[in-house]
Amino acid sequence: MVQKNPETGNHPGLDAEQLFALAPHLRELLKGVHQIELENFAMEIGDLELFIPTTAASPGITQPGQAGGIPVAPVKPSALIQEAYIPAEYSFPGKIREVQLGATRAEGGSRSHSVTIGGSTTPAYFDPARPPAHPAVISLDVFDMPVQLPKVLKENVADVMNDPAEWARMNVNKFGADVITIHLMSTDPLFANASAATAVKTVESILQAVDVPLIIGGCGDPKKDAEVFSAVAEMADGERLLINSVTLDMAQAKTLERVATAARDHGHALLAFTGLDLNNAKELNRRLYEYIPPEQIVMDLTTVALGYGLEYSFTIHERARYAALMGDTELAHPTISAATNAWAAREAWMKMAPEYGTRELRGPVWETVNALTLLLAGVDLFLMMHPAAVLTLRDLIPKLSRNGTAHPEQIADWVWVRI
Amino acid sequence: MSGNSQPAIEKKRKSIREISPIDVYKLLPKTNCGKCREANCMAYATRLVNGELLLADCLPLFTAEYQSAHEKLSILLAPPVRTVTIGSGENAIDIGGKYVLQRHDFTYHNPTPIAIDVNDLMPEPELLERVRHIGQYSYNYIGRTVTLNAIAVRSVSGNPETFAYAVRVIANASHLPLILCALDPEVMSAGLAAAAGRRPLIYAATEANWEAMADLALAHNAPLAVFAPGNLALLRSLVKTLNACGIRNLVLDPGTFADEGLADTIANFTAIRAAATKRFDETFGYPLLGVPLTVWAGGELSEDVLKWREAITASMLLSRYSDLLIMHSLDGWVLLPQLIWRFNIYTDPRKPVTVEPGVRTFGRPDQRSPVLITTNYALTYFTVESDIKAANLDCYLIVADTGGLSVESAVAGRYFTAEAIATALKSNNVAALVGHTTLIIPGLAARLSGETEEATGWKILVGPKDSSGLPQFLRERWPPES
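Line by line, the protein sequences are chains A and B. Using numbering that gives the first Met the number 0, read the first sequence as starting at 0 and increasing by one per residue. Using numbering that gives the first Met the number 0, read the second sequence as starting at 0 and increasing by one per residue.
Think of the hints as simulated: they come from the structure by calculation, not from any bench. The beta carbon of each residue, even a glycine, is placed where N, CA and C say it ideally should be. Any given hint could be a false lead.
[As the list claims (entries may be wrong)] Quick look at which bits of chain A chain B covers, simulated, 3 or more residues with Cβ under 8 Å: (1) 84-94; (2) 104-117; (3) 141-152; (4) 259-266; (5) 302-314.
[Stated by the list, open to error] Simulated pairs of lysine-lysine, DSS-like, Cα-Cα distance not exceeding 30 Å: (6) A:Lys200 to A:Lys153; (7) A:Lys173 to A:Lys150; (8) B:Lys34 to B:Lys13; (9) A:Lys173 to A:Lys281; (10) B:Lys25 to B:Lys277; (11) B:Lys425 to B:Lys13; (12) B:Lys464 to A:Lys153; (13) A:Lys94 to B:Lys34; (14) A:Lys222 to A:Lys200; (15) B:Lys464 to A:Lys253; (16) B:Lys277 to A:Lys222; (17) A:Lys281 to B:Lys464; (18) B:Lys71 to B:Lys25; (19) A:Lys281 to B:Lys29; (20) B:Lys388 to B:Lys239; (21) A:Lys153 to B:Lys388; (22) B:Lys71 to A:Lys350; (23) B:Lys350 to B:Lys239; (24) B:Lys277 to A:Lys281; (25) B:Lys25 to B:Lys13; (26) B:Lys350 to B:Lys34; (27) B:Lys239 to B:Lys71; (28) B:Lys425 to B:Lys388; (29) B:Lys388 to B:Lys277; (30) B:Lys350 to B:Lys388; (31) B:Lys464 to A:Lys350; (32) B:Lys29 to B:Lys71; (33) B:Lys464 to A:Lys150; (34) B:Lys239 to B:Lys277; (35) B:Lys388 to A:Lys150; (36) B:Lys29 to A:Lys94; (37) B:Lys388 to A:Lys75.
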């Protein structure tokens, strides 16, 4: 029933390399940049009062539309009733802070450019007249030791897994990473327990290998992370790293102050991580305000995989963003999402019965859907891994801000289209 | 009424979040009759405004005595996005019925049905095979079966007889609700005659055909989609006009542009739903139809790229207020994310999804195998399950009833206590499963270990904080030193 493509035909087992070869198609379609400024019409949502129509309604009415009294035998209009469409503007008094990542030589670092995230004044893609101040950016992951990865992810990075600097270079040059995240997994006391000095050397090598801003990932142990982050912060003085992450566990372990002041003294930004709980997010931010300017704080509210609780992440991000835009300054920070967490879902990496498709496509689409869903909830920076997911986000992020590009004739005939 | 337009009524309504139980209680019988199984009318009113119970649960309201109160309550509680029914009888599906823009304000109702297309030029065996495939496609997700929900029949031939034949074949082969897609009223008329009694969704009224489509919708008492791609003024004009014809069961298609125009698509869906839920704009107070299938209408791209684009477009439209989707691809990797995401966003965000308490067996445990315990919050449970399975562990896992709270919350809220663990051990007769009395509790419940040893008489081992640490934990700590 479907025209067969001679190249892909019926093969269910399209591999990742082929998929990557397809991805440039998405890039080819990136064209036609023009934007239409819409006039703004202000409308405040005031106090609304209960309305009950005074006219007697007929029995069985359940819809408000009928309350106005539809005539029993309506007279069909002889021509289309012309209605205007006036886009409403909704008032959002708050604004998300802007946080700069990476610093150029002029700014005291060594990056070729910096990246600014945040700055939103509306919920994501809510008002065509107010597109995001800064488009969302993408960071690709690098690990400082070989890690267990799903097969579909591993085959793209197998050659560089033992060389973090080379891995970072490939992420920038081949996959177009805006930012690189180096996960210092080897520092975990439960694994290799690598020293802070070793971690510093690794970060140095990445700083030399690539010139994009860096995110520094720890091992999750509040004491060890504090030691490692402080050493890295000092070595990379002025680079405006993003330290991933500081937590309430650190506050409990009394190591939060050490990391936060190191970040402040050496000009870095902090990623405040909390587990799907806005009260905790606010509390952690309040503690951080004691040590560091709010313009150096980014939030990670937790990303759960599609199928394993993505809806909780989606809703916590929507709630945080709305609260911030309505004036809660303790939540008015840009957010990041580890879209790679999508691979925690079995549906992303497991071989399944043929009716659920090949995992070579199911996996990357899982990561893509995870990221796109949270992009719509306002996330400003994504940690990603699969090249097809990265390319899709890179294609769609600018497209989502280009209003006025719909051409009705493109789809007017969809009912008749022969597929 | 004469003239061309409805009188504009400036309505001020309360949103569902602003309606207090008192607003509802004032209109209830106040007899505390208990037929709704609540203790009293106030308790019912509270659960009603929370969306946990329906007006239909209050039986006295449906008697003559309370007719006026029933009407007032119906108006008070009517969703700003109308509920539209497609299909008939027990196979009918409701779409729309939304109260809010965002799910944290009020649980979304009526999960977005996904319709898959067939067309009238398909050879009959292929048509039947596709219809069978649509009807049988399912996935078992956290113990629930998720499926496809409707069939969209497209008239590619443009020929009334050909369309009618295909519709008849499909109507005989499947009970799923139908969407008839033809922009030529003559073709639509033939299709509707072939689907008599099925009350399909008519797709669609446009600027060019609205008069004839309005007649068909009225004659067949069928819901009608309104198609005005990329033009919200035209969409409003069509809705107003069709309202004036006496048609209220409308579905809005502002156009799905998956590539260039994606920004407009997201903006239009958002503007329509925001107007309906935040400003109570009745003209936009109808269910939204997203058509990811439109990706197939453009471009010389390879099939896999089109499927990829259809998948991501569908997922974005599920997040962005689509009440009904029409898709083409039947590939599992395209559909599975949609079915799961739809299930997820239509759960009650205030109520965690739970699994049945009890004992689960993994691998081939024997008398010496470890016994673990966790909570019945679905996400906790499935995370632990997935970690146990990934490591091929042989063990027993007790699922304690914590009211659907995660370990951390259940410990803090005193739902997961020494007594609760003792009860779970006893009620599941765990002592009979193994020849030891050592229980591994979650690391996040470490503080319970002492009192649990006292309450149960079992030796307690504190496991890892995250179940991903289980394999290593068991390697190092199991069997326990005695």
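How the hints compare with the structure:
no.: 1; hint: 84-94; in the structure: holds (count 4)
no.: 2; hint: 104-117; in the structure: violated (count 0)
no.: 3; hint: 141-152; in the structure: violated (count 0)
no.: 4; hint: 259-266; in the structure: violated (count 0)
no.: 5; hint: 302-314; in the structure: holds (count 10)
no.: 6; hint: A:Lys200 to A:Lys153; in the structure: holds (25 Å)
no.: 7; hint: A:Lys173 to A:Lys150; in the structure: holds (20 Å)
no.: 8; hint: B:Lys34 to B:Lys13; in the structure: holds (28 Å)
no.: 9; hint: A:Lys173 to A:Lys281; in the structure: violated (38 Å)
no.: 10; hint: B:Lys25 to B:Lys277; in the structure: holds (25 Å)
no.: 11; hint: B:Lys425 to B:Lys13; in the structure: violated (50 Å)
no.: 12; hint: B:Lys464 to A:Lys153; in the structure: holds (27 Å)
no.: 13; hint: A:Lys94 to B:Lys34; in the structure: violated (50 Å)
no.: 14; hint: A:Lys222 to A:Lys200; in the structure: holds (20 Å)
no.: 15; hint: B:Lys464 to A:Lys253; in the structure: holds (20 Å)
no.: 16; hint: B:Lys277 to A:Lys222; in the structure: violated (48 Å)
no.: 17; hint: A:Lys281 to B:Lys464; in the structure: holds (24 Å)
no.: 18; hint: B:Lys71 to B:Lys25; in the structure: holds (11 Å)
no.: 19; hint: A:Lys281 to B:Lys29; in the structure: violated (43 Å)
no.: 20; hint: B:Lys388 to B:Lys239; in the structure: violated (57 Å)
no.: 21; hint: A:Lys153 to B:Lys388; in the structure: holds (21 Å)
no.: 22; hint: B:Lys71 to A:Lys350; in the structure: violated (55 Å)
no.: 23; hint: B:Lys350 to B:Lys239; in the structure: violated (39 Å)
no.: 24; hint: B:Lys277 to A:Lys281; in the structure: holds (27 Å)
no.: 25; hint: B:Lys25 to B:Lys13; in the structure: holds (16 Å)
no.: 26; hint: B:Lys350 to B:Lys34; in the structure: holds (25 Å)
no.: 27; hint: B:Lys239 to B:Lys71; in the structure: holds (25 Å)
no.: 28; hint: B:Lys425 to B:Lys388; in the structure: holds (26 Å)
no.: 29; hint: B:Lys388 to B:Lys277; in the structure: violated (46 Å)
no.: 30; hint: B:Lys350 to B:Lys388; in the structure: holds (27 Å)
no.: 31; hint: B:Lys464 to A:Lys350; in the structure: holds (29 Å)
no.: 32; hint: B:Lys29 to B:Lys71; in the structure: holds (15 Å)
no.: 33; hint: B:Lys464 to A:Lys150; in the structure: holds (27 Å)
no.: 34; hint: B:Lys239 to B:Lys277; in the structure: holds (20 Å)
no.: 35; hint: B:Lys388 to A:Lys150; in the structure: holds (17 Å)
no.: 36; hint: B:Lys29 to A:Lys94; in the structure: violated (47 Å)
no.: 37; hint: B:Lys388 to A:Lys75; in the structure: violated (64 Å)
The structure fails hints 2, 3, 4, 9, 11, 13, 16, 19, 20, 22, 23, 29, 36, 37 (numbered hints given earlier, in ascending order).
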